[in-house]
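The two chains are supplied separately, each in an independent frame; assemble them into the complex guided by the hints.
Chain by chain, the residues run as shown.
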Amino acid sequence: MLVVAEREQLPVQEARAGEPEAWDVLFKRYQLPLYAYVFELVRAEQPSLDIVQETFIAAARHLAGLRDDDRFGSWLFGIAHQKCVQHWRKSGREEPLDADFAEALSGSGDDPSELLIREEQEAEFMEALNQLPPPQRAALLLHFVEDFSLEEIAGITGVSLGTVKSRLHYGKKALRELLEERNT
Amino acid sequence: MKTPRELLLARHQAANAKLDRIRRAAIRVAADVNRRSAPVREFTFAATILRVLAIPFRELIWPCRRTWTGLAAVWVAILVFNLTHAERGQTIAAKSTTSPSEIRLALLEQQRVLAEILDPSPSASPAEPPRRIPLNRPRSERRVSLLCA
Chain A
1 MLVVAEREQL
11 PVQEARAGEP
21 EAWDVLFKRY
31 QLPLYAYVFE
41 LVRAEQPSLD
51 IVQETFIAAA
61 RHLAGLRDDD
71 RFGSWLFGIA
81 HQKCVQHWRK
91 SGREEPLDAD
101 FAEALSGSGD
111 DPSELLIREE
121 QEAEFMEALN
131 QLPPPQRAAL
141 LLHFVEDFSL
151 EEIAGITGVS
161 LGTVKSRLHY
171 GKKALRELLE
181 ERNT
Chain B
1001 MKTPRELLLA
1011 RHQAANAKLD
1021 RIRRAAIRVA
1031 ADVNRRSAPV
1041 REFTFAATIL
1051 RVLAIPFREL
1061 IWPCRRTWTG
1071 LAAVWVAILV
1081 FNLTHAERGQ
1091 TIAAKSTTSP
1101 SEIRLALLEQ
1111 QRVLAEILDP
1121 SPSASPAEPP
1131 RRIPLNRPRS
1141 ERRVSLLCA
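Chains A and B, in that order, are what the protein sequence lines are.
Each residue of the first sequence is one higher than the one before, counting from 1 in the working numbering.
Each residue of the second sequence is one higher than the one before, counting from 1001 in the working numbering.
Chain B on its own, in the form it takes in the complex (with noise of 0.2 Å):
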């Protein structure tokens, strides 16, 4: 005794081999499917990114393109401007260096400047102390000789 489905399927079952080899082929196509559905959906986001790009290419840059060729023209020359005026000063710079020897000799005369004008030597003659204007003159006479010191 058997079942319908047991019937059905045991009618069919010459079939099997010819079926292994379709279904040996459908695994390939899906395997093929597979590999191929990875560089479609890059694809398609990189296709989104593009398209929501174009839209401002679209509206703003393509109608006034011989302006913003213009802008682009001007942009370059003075980017080729300052790379090139970058490279002179580069240049004089280069040539201008000066080895550390000297430069540390030149710091050591400035520190030595510095002390002196900061901390006169005891040789110095001692300042002066303030000229005392007499009290016995006229006051018309204190105003010149003050004026005159």
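So that you can see chain A by itself, here it is in the shape it has in the complex (with noise of 0.2 Å):
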């Protein structure tokens, strides 16, 4: 079952006002699906919580920019992509996540709580999604975490939404093939 609530009433506003019990019910929400979402990109424990509290740090300093409340979830995992992208820069490593992808005809609409993974099936679940291409995996894992929209992987991940559509497409489609390959 899908415990997420994506259009929960969060009390942006009042952390925009600066009360401290707002934020801390803000980054309470959000910090564990923002801390899995970047360990799987960066796959290391410090750097993953350093660019979490980065990403608290600018959220603080920065909520007065963001114009639409309901999408503040979606604004806080663009602030980590960004410092992700960063921290690949700053180790030298390409830009797996700049990769160009060809587009596809259609991305599949599932509901990500339609893939059920039995408990024997987890290990392999998460090492197919670290063999994947980062591009896919990070539109994979906004669209498993916070079932994010295709225009808000979109905008969390600073491509065209035909090509959020191609990466989750295609995402999925590895995937399945990499699970079915290990069952048989």
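Cross-link-like lysine-lysine pairs, in silico, DSSO-like; alpha carbons within 27 Å at most:
id	chain 1	residue 1	chain 2	residue 2
1	A	K83	A	K28
2	B	K1018	A	K90
3	B	K1018	A	K28
4	A	K173	B	K1002
5	B	K1018	A	K83
6	B	K1002	A	K28
7	A	K172	B	K1002
8	B	K1002	B	K1018
9	A	K83	A	K172
In case anyone wonders, no lab produced these hints; they're calculated from the structure.
Encoded structure:
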């Protein structure tokens, strides 16, 4: 069952007014999903924690610039995504998230809750997820973790809607194939 | 059976303690940012006003600064002169003040004099009737007597 309440009422306005309790609610709500997303991209604990901290601090400093309070979640993930890209640049690695993917015909709009993983498959699923190219992995993680819409994923990752559809489509396909290979 | 979300969150549950510390630190930063933002806004407003006021200063006053300084010195001298003069006038006025009883007496005296002028007493001699000029004289003598009267 999907636990995410995407359109939940978050105290963004109160946080903007400087109420520490509101910030606590917001950060508590997103700290684990954000960390999970960052960790699965960066694959290291300390840099992931640093990125989450930097993301929270950047959010505290720039919340006034957020136009639509309902987009707080995708805005926060967008900041974290940029930090991940900066992390790759700093460490001198290529920018796997900027790799260009061919546009797919159309993405599957599957509900992430439709994909259920048995306990004995969990490790295989995570392994298969980590084998995906980072752009597909990022799109799938955003889809799985927060059930962001295609538009929101496009906004977070800074790519077009078609690219997001393509990445989700090929990501899911590749993930299924990897899982099937392991099961056979 | 778990959803991918449940699986992902469960895998990183152990990091929650560290994330709690990060959250508390970030809340402190947020409070600090909010505390600083108000003075910054005021400062920005004040800076805007100063910037606007700096334009006429730079364009009008600074190029003729010696003239403006001379004029300012003259204005200050006039102001000092006026202030000292006003102080002296106040001293004189303070010295020449009379008591309220004296003023009242003088006023009563003035009222009495005025009443005498406007309302003469019955003991005063009645006004003389206008002198009639006799008509049995020649016209040339009548004029002389009129002039003499």
